[in-house]
Structure formats: C-alpha cells, structure tokens
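Engineer: Residue 1 is where the sequence shown starts when you use this note's numbering, and the numbers rise one by one after that.
Treat the hints with care, since some could be wrong.
To be verified - Simulated crosslink set (DSS-like; lysine-lysine; CA at most 25 Å straight-line):
{"hint": "1", "residue 1": "K25", "residue 2": "K12"}
{"hint": "2", "residue 1": "K8", "residue 2": "K46"}
{"hint": "3", "residue 1": "K85", "residue 2": "K46"}
{"hint": "4", "residue 1": "K22", "residue 2": "K87"}
Unchecked claim - Here are the simulated distance ranges between beta carbons:
{"hint": "5", "residue 1": "G123", "residue 2": "K22", "range": "35 to 41 Å"}
{"hint": "6", "residue 1": "G7", "residue 2": "I41", "range": "14 to 20 Å"}
{"hint": "7", "residue 1": "K8", "residue 2": "D42", "range": "14 to 20 Å"}
{"hint": "8", "residue 1": "D42", "residue 2": "G123", "range": "35 to 41 Å"}
{"hint": "9", "residue 1": "M104", "residue 2": "K9", "range": "27 to 33 Å"}
{"hint": "10", "residue 1": "I41", "residue 2": "T6", "range": "18 to 24 Å"}
{"hint": "11", "residue 1": "T6", "residue 2": "V112", "range": "32 to 38 Å"}
{"hint": "12", "residue 1": "L37", "residue 2": "K13", "range": "17 to 23 Å"}
{"hint": "13", "residue 1": "R91", "residue 2": "K13", "range": "27 to 33 Å"}
{"hint": "14", "residue 1": "N21", "residue 2": "K85", "range": "30 to 36 Å"}
{"hint": "15", "residue 1": "K8", "residue 2": "I83", "range": "19 to 25 Å"}
Calculated directly from the structure, the hints in this document are not laboratory data. Only a predicted model underlies this, so the values are computations on that prediction, with no experimental measurement involved. Where a beta carbon is used, it is the ideal one built from N, C-alpha and C, also for glycine.
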Amino acid sequence: MDVYFTGKKISKKKLEYMHRNKTGKIITASVRCAAILCGVIDDYLKKFTEYSENLGLAFQITDDILDVTSDKCVNTFPNIWGISKSKEIARDKIDKAIAIIKSMDIDYKWLVNIANFLLVRKG
C-alpha cells in the first residue's frame, strides 16, 4: 500500500489509514489472537483491540521519526506533520492506549511498559 503512494502527495487521513492497515493491523492481530487464546471476550476484547490499534499507530509514527533522514518522497508522519507534531501524535496514541488498558481489571504493568517503550526506542 505504501509503495503505491510513494512519490504521491496524500492527505493526513490517508496516511493514518495506510499505517493503521499496515503495521497497525499486524500488532492488532497479534494482541487479539493472544487475548482470544487467553479467553478474553466482549468488552475486554474490544479494549485490547483499541489498545493495540493505538500502539500500532504510535509504533509507526515513532518508526517514521527514527527514519526521518529517509527519502522525502516517502509518505511519513514527519514529512507531512513535522517531527514535533509527529512526536505529539505518537504520545497521544500511547496515552490513549494506556488509558484503555488501565480501565480494565487486569495486571496492566507490562502492557503500559511496552506502550511507553515505543516512544523511547532507538531502532
């Protein structure tokens, strides 16, 4: 999908759609499969899905920031929003993911740590 849009100007909405349906879907599928295997159903499965969707988008935004020196024809968050705004969006997605996971009656410590790690990773 991103190869198709390389070199083409796309909207912010389309960029978010592209990332949600690339990296985001892989992370969401992984989290949902694990949750289902653990017997999670209904409202908690929805919350795990929302958590992982926010995580996936934050991961991709952070990845774009780490690759900021890459080709300017590639559609990335920093190329469209700039680095500062991209960091702000990633932080917002992580905050949403953490709020979702903390609203559940589970031991969420590791899931919060994973979410926060995405913002400080170096590669």
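Engineer: None of the hints should be skipped; say for each whether it holds.
Structural biologist: Verification of the hints:
1. Straight-line distance between C-alpha atoms of K25 and K12 comes to about 18 Å, which keeps the hinted pair within the 25 Å bound.
2. Distance restraint check for K8 and K46: the Cα-Cα separation of roughly 34 Å exceeds the 25 Å cut-off, and the hinted pair is therefore not satisfied.
3. Our distance criterion of 25 Å between C-alpha atoms is broken by K85 and K46, whose separation comes to about 28 Å.
4. This hinted pair checks out: K22 and K87 have alpha carbons roughly 20 Å apart, not beyond 25 Å.
5. Take G123 and K22: their Cβ atoms lie about 19 Å apart, and the range 35 to 41 Å is violated.
6. Between G7 and I41 the C-beta distance comes to about 44 Å, which lies outside the given range of 14 to 20 Å.
7. K8 and D42 have their C-beta atoms about 41 Å apart, which leaves the hinted 14 to 20 Å range violated.
8. One distance hint, 35 to 41 Å for the beta-carbon pair D42 and G123, holds here, with the actual separation near 37 Å.
9. Checking the proposed 27 to 33 Å range against M104 and K9 shows it is violated: the Cβ atoms sit about 40 Å from each other.
10. Remark: the range hint 18 to 24 Å for I41 to T6 is contradicted by a beta-carbon distance near 40 Å.
11. A beta carbon spacing of about 35 Å between T6 and V112 agrees with the range 32 to 38 Å that was offered as a hint.
12. Here the CB-CB span from L37 to K13 is close to 34 Å, at odds with the stated 17 to 23 Å.
13. At about 20 Å, the CB distance of R91 to K13 disagrees with the hint of 27 to 33 Å.
14. A beta carbon spacing of about 22 Å between N21 and K85 contradicts the range 30 to 36 Å that was offered as a hint.
15. Look at K8 against I83: about 22 Å separates their beta carbons, and that is inside 19 to 25 Å.
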